[in-house]
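Student: Protein chains in written order, with our numbering: chain A, 1 to 466; chain B, 1 to 213.
A portion of the hints provided could be inaccurate.
Unchecked claim - Partial pick of chain B residues on the chain A-facing surface, computed with a CB cut under 8 Å:
(1) 4
(2) 17
(3) 20
(4) 22
(5) 23
(6) 26
(7) 29
(8) 93
(9) 98
(10) 99
(11) 100
(12) 101
(13) 108
(14) 181
(15) 188
(16) 189
As the list claims (entries may be wrong) - Cβ-Cβ distance ranges computed for the label pairs, FRET-style:
(17) B/174 with A/426: 26 to 34 Å
(18) B/70 with A/112: 54 to 62 Å
(19) A/63 with B/178: 51 to 59 Å
(20) A/114 with B/204: 45 to 53 Å
(21) B/36 with A/181: 28 to 36 Å
(22) A/394 with B/174: 29 to 37 Å
(23) B/101 with A/123: 30 to 38 Å
(24) B/154 with A/3: 18 to 26 Å
(25) A/185 with B/204: 56 to 64 Å
(26) B/104 with A/178: 21 to 29 Å
(27) B/33 with A/3: 51 to 59 Å
(28) B/86 with A/181: 23 to 31 Å
(29) B/151 with A/3: 53 to 61 Å
(30) A/187 with B/104: 27 to 35 Å
Stated by the list, open to error - Calculated cross-link-like contacts (lysine to aspartate or glutamate; reagent style EDC-like; alpha-carbon spacing at most 20 Å):
(31) A/291 with A/234
(32) A/156 with A/126
(33) B/182 with A/261
(34) B/182 with A/90
(35) A/394 with A/332
(36) B/182 with A/18
(37) A/14 with B/192
(38) A/54 with A/435
(39) A/54 with A/452
(40) A/156 with A/125
No wet-lab data here; the hints were simulated from the structure. Note that the Cβ used here is the ideal one computed from N, Cα and C, for glycine as well.
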Amino acid sequence: MTIRPDPTFHASPKLAMEAPPESFAYTLLLSPDFSKPDALAVVDVKPGSSTYSKVVHTVTMPNKGDEFHHFGWNACSSALSPLAGHAFLERRYLIIPGIRSSRIYIIDTKPDPTSAKIHKIIEPEEIFRKTGYSRPHTVHCGPEGIYVSTLGGGGKDGTDGPPGVFIMDCQTFEVLGRWEIDRGSQNLHYDFWWNLPRDYMVTSEWGLPPQFENGIVPEDLLANKYGHRIHFWDLRARRNVQTIDLGANHQMALEVRPAHDPVREYGFLGVVVDTTNLEGSIWTWWREGGKFHIEKTATVPPEPATKEQLPPLLQGFGAVPPLISDIDLSMDDKFLYVSCWGTGEMRQYDVTDPRKPKLAGSVHIGGIARRTPHPNGKAYGGGPQMVEISRDGKRVYWTNSLYSTWDDQFYPGGVPGAEVMANASPGGGLALAKDYWVGFPDGYRAHQIRLDGGDCSTDSFCYPSV
Amino acid sequence: MLWLAVVASGLYHGVNPGMGWPLAVSAGLMERSPRALASALWPLAVGHLLAMLLVILPFALLVTLVEWQRQIQIGASLLVIAFGVFRLVGRSHPRALARIPPTQLGLWSFAVAIAHGAGLMLVPIYLGLCREASLDRGHAAADALINTSVSMAVLVALVHAAAMIAAGGCLAWLVYRYLGLKFVSRSWFNLDMSWAISLVLVGAIALALSVAG
Chain A
1 MTIRPDPTFH ASPKLAMEAP PESFAYTLLL SPDFSKPDAL AVVDVKPGSS
51 TYSKVVHTVT MPNKGDEFHH FGWNACSSAL SPLAGHAFLE RRYLIIPGIR
101 SSRIYIIDTK PDPTSAKIHK IIEPEEIFRK TGYSRPHTVH CGPEGIYVST
151 LGGGGKDGTD GPPGVFIMDC QTFEVLGRWE IDRGSQNLHY DFWWNLPRDY
201 MVTSEWGLPP QFENGIVPED LLANKYGHRI HFWDLRARRN VQTIDLGANH
251 QMALEVRPAH DPVREYGFLG VVVDTTNLEG SIWTWWREGG KFHIEKTATV
301 PPEPATKEQL PPLLQGFGAV PPLISDIDLS MDDKFLYVSC WGTGEMRQYD
351 VTDPRKPKLA GSVHIGGIAR RTPHPNGKAY GGGPQMVEIS RDGKRVYWTN
401 SLYSTWDDQF YPGGVPGAEV MANASPGGGL ALAKDYWVGF PDGYRAHQIR
451 LDGGDCSTDS FCYPSV
Chain B
1 MLWLAVVASG LYHGVNPGMG WPLAVSAGLM ERSPRALASA LWPLAVGHLL
51 AMLLVILPFA LLVTLVEWQR QIQIGASLLV IAFGVFRLVG RSHPRALARI
101 PPTQLGLWSF AVAIAHGAGL MLVPIYLGLC REASLDRGHA AADALINTSV
151 SMAVLVALVH AAAMIAAGGC LAWLVYRYLG LKFVSRSWFN LDMSWAISLV
201 LVGAIALALS VAG
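Start from the sequences and build out the full structure, keeping to the hints where you can.
Tutor: So, in structure tokens, the structure goes:
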């Protein structure tokens with residue numbers, strides 16, 4: 001606890017944008033064959049620094065097979081609401097779940113990111129015992145502490161009961177228990193986020209552990225058995241108030257990105273693939289008259305490819321699906337970035353009118369068939385995946401791995417860990433920075449990125465930008 | 001002097017962001033209307049007022065036991081000191097408060113004032129005021145005493161809550177209109193420690209006075 005609020009807490013998104021730019025990018029590294037322990041890499045992103053775009057520190061975990069995926073901060077700008085009652089937390093600890101092991105690491109990033117170290121380890125048994133959930137995934141800091149979504153329920157394969165969200169104490173990191181009181185018909189989980197003053201949460205669906213842990217199950221996909229619904233919840237009452245089915249062909253409704261400005265009651269959802277035509281799609285949801293609505297507002301078409309260009313999994317289709325695996329919304333809610341991991345494209349949509357996204361910029365890199373190299377000449381395995389935007393909206397960072405076993409199915413040639421950055425023009429337009437290329441140690445793949453001082457998929461706000 | 005303490009504690013509670021004025025700023029900005037700001041101040045004030053009354057009124061009834069006055073005063077002082085020490089040791093904010101929806105500001109304001117012992121801080125001051133009042137009048141009848149002590153309790157709570165919401169409201173308005181949202185984090189100091197110490201101090205002074213008197 002501090003005497004003044006953490007200087008990286010901002011009342012409004014606008015204040016967050018005006019804050020000093022990021023100095024470090026924390027990046028999760030995973031060992032896809034589980035031969036080495038997973039790690040957290042600290043990358044120097046200060047322009048002009050002698051170690052710019054290099055890993056300056058690595059925290060290696062003591063276990064193997066955790067499979068790092070997403071992670072988050074213990075505290076963010078949401079602490080600046082008197083309703084939360086914890087205004088004097090520090091943005092200091094990274095909460096890193098292993099989605100395969102269900103173990104959670106708490107990493108202390110102070111006094112300096114370059115000396116980050118393990119603060120606490122929460123063993124899987126504690127999570128199983130206290131929550132009945134497994135495979136922890138998305139982490140957000142909010143009014144009741146730290147919220148963690150899970151992909152699995154109880155039992156060995158995580159199918160004993162539905163997955164959901166659990167809460168951790170934001171000071172002791174003690175696992176407190178399940179968040180839901182009334183989950184309605186929700187039985188799958190992936191991402192979640194919220195609008196704090198409007199008091200609602202939004203959650204999405206991927207699939208159950210047997211549908212992803214050993215790779216994508218093509219029969220399940222073609223039978224539309226992955227998640228295709230979005231759920232809206234009363235945040236404080238912990239009740240599911242509305243569920244909307246996108247249509248079973250819209251398989252894997254993953255990332256949820258609400259507008260940062262709490263006065264805006266809308267947000268976006270990325271859907272990986274439409275099984276009728278292989279399109280990826282962007283959906284816009286909004287609240288009107290006390291009800292939630294959602295509609296498909298943008299699609300990305302598949303690209304034809306020859307059999308030789310395709311992995312066995314896709315050869316029957318003769319095309320590369322875009323596979324929208326991640327989306328991210330800039331702090332001013334103006335640009336939505338869309339990772340097309342299959343076709344190897346990062347798209348930038350102008351979403352000033354949220355229900356009419358306009359393609360404003362695009363860069364190609366990697367891709368199943370295109371295999372576009374980086375402007376510096378290096379080959380980029382995989383495609384654009386986890387994307388993070390600087391608070392000021394000028395720099396967009398991303399990595400290339402989706403999930404160990406899925407990488408191998410879609411990119412049998414391998415996905416060596418890489419992190420790149422593109423400069424975004426204020427009026428729209430995207431160009432890869434030639435001098436930003438982070439290579440990681442051999443045998444590691446790179447997943448989510450978190451920026452010091454907060455980023456566009458961490459901080460939620462209790463005051464509007466005016 | 002004691003009335004000054006009632007007003008001062010109201011101002012102190014009012015300017016503390018933890019007691020809710022930033023929520024009025026948020027409400028005003030969300031609706032883009034000063035009226036929304038003002039209407040958020042009402043439930044904050046009423047919640048705080050009710051919390052004060054809930055804590056002081058039982059003492060108002062006890063005060064009628066004239067011959068036990070000193071013991072009551074000592075007991076109240078010890079209670080305040082104990083609560084201060086409790087806040088000093090376990091400084092965490094009760095998590096249950098985070099379950100109160102943002103639409104129920106009155107309930108939240110009530111709960112936060114109770115949880116942080118805002119009402120307890122007033123008790124020794126109130127008892128002091130009662131003593132002054134009864135000294136003036138000598139030994140009055142019991143029902144008259146009840147009337148006096150209850151109306152004194154209501155008055156103390158009202159004056160305190162009015163000072164609290166005046167301070168908080170002014171600050172909310174200034175931030176909304178002139179100072180900007182940056183002031184929310186800038187004006188926020190961790191008062192948990194000094195709050196707890198204030199409780200101990202108020203209790204200790206009252207204890208000393210009642211032992212001496």
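Student: Taking the hints in turn, state whether each one holds.
Tutor: Hints and how they fare:
1. 4: violated, 27 Å
2. 17: Holds. Min distance 6 Å.
3. 20: holds, 5 Å
4. 22: holds, 6 Å
5. 23: holds, 6 Å
6. 26: holds, 5 Å
7. 29: Where the cut-off is 8 Å and the nearest Cβ of chain A is about 5 Å from residue 29 of chain B, the hint holds.
8. 93: holds, 3 Å
9. 98: holds, 4 Å
10. 99: At 5 Å from the nearest chain A Cβ, residue 99 of chain B passes the 8 Å test, so the hint holds.
11. 100: Nearest chain A Cβ about 7 Å off; hint holds.
12. 101: holds, 4 Å
13. 108: Check passed: Cβ of residue 108 of chain B comes within 6 Å of chain A, closer than 8 Å.
14. 181: The hint holds - residue 181 of chain B has a Cβ within 8 Å of chain A, the shortest such distance being about 4 Å.
15. 188: holds, 5 Å
16. 189: holds, 6 Å
17. B/174 with A/426: 26 to 34 Å: holds, 32 Å
18. B/70 with A/112: 54 to 62 Å: holds, 58 Å
19. A/63 with B/178: 51 to 59 Å: holds, 54 Å
20. A/114 with B/204: 45 to 53 Å: At 47 Å between Cβs, range holds.
21. B/36 with A/181: 28 to 36 Å: Taking Cβ atoms as reference, residue 36 of chain B and residue 181 of chain A lie about 30 Å apart, which means the hint holds.
22. A/394 with B/174: 29 to 37 Å: Since the Cβ atoms of residue 394 of chain A and residue 174 of chain B sit about 33 Å apart, the hinted range of 29 to 37 Å holds.
23. B/101 with A/123: 30 to 38 Å: Since the Cβ atoms of residue 101 of chain B and residue 123 of chain A sit about 35 Å apart, the hinted range of 30 to 38 Å holds.
24. B/154 with A/3: 18 to 26 Å: 37 Å Cβ-Cβ, so the 18 to 26 Å window is violated.
25. A/185 with B/204: 56 to 64 Å: For residue 204 of chain B against residue 185 of chain A, whose Cβ atoms are near 58 Å apart, the range 56 to 64 Å holds.
26. B/104 with A/178: 21 to 29 Å: holds, 23 Å
27. B/33 with A/3: 51 to 59 Å: violated, 34 Å
28. B/86 with A/181: 23 to 31 Å: Because 30 Å falls inside the window, the suggested range holds.
29. B/151 with A/3: 53 to 61 Å: For residue 3 of chain A against residue 151 of chain B, whose Cβ atoms are near 41 Å apart, the range 53 to 61 Å is violated.
30. A/187 with B/104: 27 to 35 Å: holds, 31 Å
31. A/291 with A/234: With Cα atoms ~12 Å apart, residue 291 of chain A and residue 234 of chain A stay inside 20 Å; holds.
32. A/156 with A/126: At roughly 15 Å apart (the allowed maximum being 20 Å), residue 126 of chain A and residue 156 of chain A satisfy the hint.
33. B/182 with A/261: Measuring from Cα to Cα gives roughly 16 Å; hence the hint holds.
34. B/182 with A/90: Roughly 18 Å between the alpha carbons, so the hint for residue 182 of chain B and residue 90 of chain A holds.
35. A/394 with A/332: The given pair, whose Cα atoms are some 11 Å apart, holds under the 20 Å limit.
36. B/182 with A/18: holds, 11 Å
37. A/14 with B/192: violated, 29 Å
38. A/54 with A/435: holds, 11 Å
39. A/54 with A/452: Satisfied, since the Cα-Cα distance of roughly 15 Å is no more than 20 Å.
40. A/156 with A/125: Roughly 12 Å between the alpha carbons, so the hint for residue 156 of chain A and residue 125 of chain A holds.
Hints 1, 24, 27, 29, 37 from the earlier list are contradicted by this structure; the remaining hints agree with it.
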